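A.B. asks: Chain B: place on chain A using the hints.
Number of protein chains: 2
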Amino acid sequence: MEKLTLPLLLISLLCAQPSIAQDEAPADDWKSASSNQAGKEYPKVNSEGRVIFRIEAPEAQSVGVSFRDSNAFTKGEDGAWYGITRPLDEGFHYYTIMIDGSDVPDPNSMMYFGAMRWGSAVELPAHDQDFYTVKAVPHGQLREIYFHSESTDSERRAFVYTPPGYDQNPDQRYPVLYLQHGWGENEYGWGAQGCADVIMDNLIADGTTRPFIIVMTYGMTNEIRFGGLREFKVEPFETVLVKELIPYIDTHFRTLADQPNRAMAGLSMGGMETKQITLRNLDTFSHIGLFSGGSLSPDDLSDLEAFKAKNKLVFVSYGSREVEDGTRRGGDPEAATEALKAAGINSHYYVSPNTAHEWQSWRRSLRQLAPLLFTN
Amino acid sequence: MEKLTLPLLLISLLCAQPSIAQDEAPADDWKSASSNQAGKEYPKVNSEGRVIFRIEAPEAQSVGVSFRDSNAFTKGEDGAWYGITRPLDEGFHYYTIMIDGSDVPDPNSMMYFGAMRWGSAVELPAHDQDFYTVKAVPHGQLREIYFHSESTDSERRAFVYTPPGYDQNPDQRYPVLYLQHGWGENEYGWGAQGCADVIMDNLIADGTTRPFIIVMTYGMTNEIRFGGLREFKVEPFETVLVKELIPYIDTHFRTLADQPNRAMAGLSMGGMETKQITLRNLDTFSHIGLFSGGSLSPDDLSDLEAFKAKNKLVFVSYGSREVEDGTRRGGDPEAATEALKAAGINSHYYVSPNTAHEWQSWRRSLRQLAPLLFTN
Numbered sequence: 199m200e201k202l203t204l205p206l207l208l209i210s211l212l213c214a215q216p217s218i219a220q221d222e223a224p225a226d227d228w229k230s231a232s233s234n235q236a237g238k239e240y241p242k243v244n245s246e247g248r249v250i251f252r253i254e255a256p257e258a259q260s261v262g263v264s265f266r267d268s269n270a271f272t273k274g275e276d277g278a279w280y281g282i283t284r285p286l287d288e289g290f291h292y293y294t295i296m297i298d299g300s301d302v303p304d305p306n307s308m309m310y311f312g313a314m315r316w317g318s319a320v321e322l323p324a325h326d327q328d329f330y331t332v333k334a335v336p337h338g339q340l341r342e343i344y345f346h347s348e349s350t351d352s353e354r355r356a357f358v359y360t361p362p363g364y365d366q367n368p369d370q371r372y373p374v375l376y377l378q379h380g381w382g383e384n385e386y387g388w389g390a391q392g393c394a395d396v397i398m399d400n401l402i403a404d405g406t407t408r409p410f411i412i413v414m415t416y417g418m419t420n421e422i423r424f425g426g427l428r429e430f431k432v433e434p435f436e437t438v439l440v441k442e443l444i445p446y447i448d449t450h451f452r453t454l455a456d457q458p459n460r461a462m463a464g465l466s467m468g469g470m471e472t473k474q475i476t477l478r479n480l481d482t483f484s485h486i487g488l489f490s491g492g493s494l495s496p497d498d499l500s501d502l503e504a505f506k507a508k509n510k511l512v513f514v515s516y517g518s519r520e521v522e523d524g525t526r527r528g529g530d531p532e533a534a535t536e537a538l539k540a541a542g543i544n545s546h547y548y549v550s551p552n553t554a555h556e557w558q559s560w561r562r563s564l565r566q567l568a569p570l571l572f573t574n
Numbered sequence: 199m200e201k202l203t204l205p206l207l208l209i210s211l212l213c214a215q216p217s218i219a220q221d222e223a224p225a226d227d228w229k230s231a232s233s234n235q236a237g238k239e240y241p242k243v244n245s246e247g248r249v250i251f252r253i254e255a256p257e258a259q260s261v262g263v264s265f266r267d268s269n270a271f272t273k274g275e276d277g278a279w280y281g282i283t284r285p286l287d288e289g290f291h292y293y294t295i296m297i298d299g300s301d302v303p304d305p306n307s308m309m310y311f312g313a314m315r316w317g318s319a320v321e322l323p324a325h326d327q328d329f330y331t332v333k334a335v336p337h338g339q340l341r342e343i344y345f346h347s348e349s350t351d352s353e354r355r356a357f358v359y360t361p362p363g364y365d366q367n368p369d370q371r372y373p374v375l376y377l378q379h380g381w382g383e384n385e386y387g388w389g390a391q392g393c394a395d396v397i398m399d400n401l402i403a404d405g406t407t408r409p410f411i412i413v414m415t416y417g418m419t420n421e422i423r424f425g426g427l428r429e430f431k432v433e434p435f436e437t438v439l440v441k442e443l444i445p446y447i448d449t450h451f452r453t454l455a456d457q458p459n460r461a462m463a464g465l466s467m468g469g470m471e472t473k474q475i476t477l478r479n480l481d482t483f484s485h486i487g488l489f490s491g492g493s494l495s496p497d498d499l500s501d502l503e504a505f506k507a508k509n510k511l512v513f514v515s516y517g518s519r520e521v522e523d524g525t526r527r528g529g530d531p532e533a534a535t536e537a538l539k540a541a542g543i544n545s546h547y548y549v550s551p552n553t554a555h556e557w558q559s560w561r562r563s564l565r566q567l568a569p570l571l572f573t574n
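Protein chains in written order, with the numbering used here: chain A, 199 to 574; chain B, 199 to 574.
With the rest of the complex left out, here is chain A:
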């Protein structure tokens, strides 16, 4: 791999780019992103949260990246194209490279499913990344399974996290969290960019979370897997989840197969699904988690006392940049949480610091939710 003199290269880039003034030179502590493909030096990230990309496109007229406000790419001394972003939030961000008007994945990045495609993303180091870092602790397993769905006439994929010790303790049974992705994402998200298995291994190792099973499946039933969110109807997925997947899990895994030991949570669209499905199935789910996906207030409940008798937990979270003006479409989630609490419901509200509608908010939300589950 070719070695570049990075400071020299950057100066030449900066000279060509009026949008970064000389006195705003990026911090020169670039490190290869952890989301790179093995052996790839670029993209690199620095301590300000900037990302520098390197694309080999010798005959291209223009190269760019989908991060808004990012500098146009310029050719470096080695003939490759370089571009630097503005400082980004800690955590995980999808992106696309543009070569002469063509949107393509960055060949240097690992591939993740989001924004309705397998494509590129970059991982920015975070001050709290320890909780989703693979460590030498007992590990659970992330299992890819297929279950038969009568209602959709298909063999459907799900991922099942089983906690450490699952196979060694054949007499133990476990509660289950059904955990949903967002719109334009799929059943791979929580196990890949969501780090759900790693987060759980670490939480269980430090003794703060009770071992439980997590089940992640695709939250839509349209086979082409995209389309407008506005036309989306949750009922076909509700059938798959409640009538087909839950019975499959309860017969194929050692679950505690009753309402007190079954939770549902989801991010964004998955939160909206969680709210609709759990409220219609109070005898199936006792714990509810909404991550950047709406809130729950006493006004949502047709029968507050019935809900109170059956529900054990409501957890609502957002990224701080989503709630900076104090409100969200559909109301103030913090006020809704307080109102639920005043009504006697075990209700929790969490705001992820300095993050937006993005995976870092949702990793942190899972970390906050997990210790609260199945404890009462």
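Don't take every hint at face value.
Same chains, same label: a pair holds when it works inside one copy or across any pair of copies.
[Stated by the list, open to error] Taking lysine to aspartate or glutamate and the DMTMM-like style, the derived pairs with C-alpha atoms no more than 25 Å apart in a straight line are:
no., residue 1, residue 2
1, K242, D456
2, K229, D267
3, K333, E348
4, K238, E429
5, K273, D301
6, K242, D301
7, K508, E254
8, K273, E257
9, K431, D326
10, K333, E257
11, K273, E254
12, K238, D301
13, K229, E353
14, K242, D227
15, K229, D351
16, K238, E353
17, K238, D456
18, K333, D351
19, K238, D226
Hints listed in this document are in silico derivations from the structure and should not be mistaken for laboratory results. All figures in this text were calculated on a predicted structure; none of them were measured in a lab.
C.D. replies: Coordinates of chain B only, in the frame set by chain A:
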């Protein structure tokens, strides 16, 4: 998605392309490839094994694909670039798109790891594809696990296929096949493009194969995961496999943890690894499978009688296009198999029809090998 009048488009493509004469017009029975991302119409494949690609790159000067002898891409009536390949073998092929000299993944393709990168591939229908098609049969699980490796001071990933019924039959123990990928590939290959889990589910469902566990891990120990094959030394991986992974599997899964119930097989480099490691560890492995990765003759055995006393099966396979001239570097695999058989060893040779050094040969090899394992 824009609808194209395909015959018209093709005629305009053909006119511009002297390498396909008018009387060799491709068969007009194009279907979207099964390896496409959800909702993507292109690439399409036809009954001749040709592939047509469609790339949106409005400002590009040139677009191409890495299949040799393929026609240069030309702009279609809709402004996108189109290119058609020569007829390809049935099965699975890696490729790369070139846009103005930049090698990038096709944004329409699912992403697979091979040729040392996550990138594009296309699946051609095959006359025998039923054996690796997901069907409504009892399904096993493909489990992602991490195991601690002292020798490399790392938490290492493996995938473990457990057969249908594994969780429902807690008193049953299973034999284990350790199954390796090729050079430039990784531990994802057999579960993704290799379809190992689907092949096993189907073979077990039709009663021809005994249920067993398959373990797949990364077959090198260089963290950057590439480098010259010539400098490759198998010993560090042998330590990981024999001293670390096997003990982990035998304590974390319900294995039959003895030599008669342990097999190793691999493709290409994985076959070379299998040969070296099994011959040095006759007390660990009883069954040996080499797929496009060398052969085994009596000359390879320092002590034929000792081998005969311990080995239960030798299986060697190639794609027919690899052995068309009757020989392979390192000798004639069929003659070697016959010589082993004459020496009293349970030895099998298989040639995959009309395939080369590619996954279709290896899927078929697994299908042939599996029913022979752990039967005596």
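A.B. asks: Taking 25 Å as the upper bound on the Cα-Cα distance, should K238 and D456 be classified as within, between, both, or neither?
C.D. replies: neither (48 Å within a copy, 41 Å between copies)
A.B. asks: Please sort K238 with E429 into within, between, both or neither, judging by C-alpha distance up to 25 Å.
C.D. replies: For K238 and E429, only the inter-copy Cα distance (20 Å) is at most 25 Å; the intra-copy one is 41 Å.
A.B. asks: Treating 25 Å as the Cα threshold, decide for K333 and E348: within, between, both or neither.
C.D. replies: Cα proximity of K333 and E348: across copies only (13 Å, versus 40 Å in one copy).
A.B. asks: With 25 Å as the alpha-carbon cut-off, assign the pair K242 and D227 to within, between, both or neither.
C.D. replies: within (9 Å within a copy, 45 Å between copies)
A.B. asks: Reference check for the pair K431 and D326, CA-CA at most 25 Å: within, between, both, or neither?
C.D. replies: For K431 and D326, neither the intra-copy (37 Å) nor the inter-copy (38 Å) Cα distance is at most 25 Å.
A.B. asks: For K229 and D351, with the copy left unspecified, which applies at a CA distance of at most 25 Å: within, between, both, or neither?
C.D. replies: For K229 and D351, the Cα distance is within 25 Å only across copies (22 Å; inside one copy 48 Å).
A.B. asks: Please sort K242 with D456 into within, between, both or neither, judging by C-alpha distance up to 25 Å.
C.D. replies: For K242 and D456, neither the intra-copy (48 Å) nor the inter-copy (47 Å) Cα distance is at most 25 Å.
A.B. asks: Is it within a copy, between copies, both, or neither that the alpha carbon of K273 lies no farther than 25 Å from that of E257?
C.D. replies: both (11 Å within a copy, 18 Å between copies)
A.B. asks: For the identical chains here, do K229 and D267 meet the 25 Å Cα criterion within one copy, between copies, both, or neither?
C.D. replies: Classified as within: same-chain Cα gap 22 Å, cross-chain 40 Å, threshold 25 Å.
A.B. asks: For K238 and D301, with the copy left unspecified, which applies at a CA distance of at most 25 Å: within, between, both, or neither?
C.D. replies: Both: 20 Å inside a copy, 14 Å across copies.
A.B. asks: Measure nothing new, just compare the shortest in-copy and cross-copy C-alpha distances for K273 and E254 to 25 Å and report within, between, both or neither.
C.D. replies: both (9 Å within a copy, 23 Å between copies)
A.B. asks: At most 25 Å between alpha carbons: which applies to K238 and D226, within, between, both or neither?
C.D. replies: within (19 Å within a copy, 41 Å between copies)
When the structure is compared with the earlier hints, violations turn up for hints 1, 7, 9, 10 and 17 and for no others.
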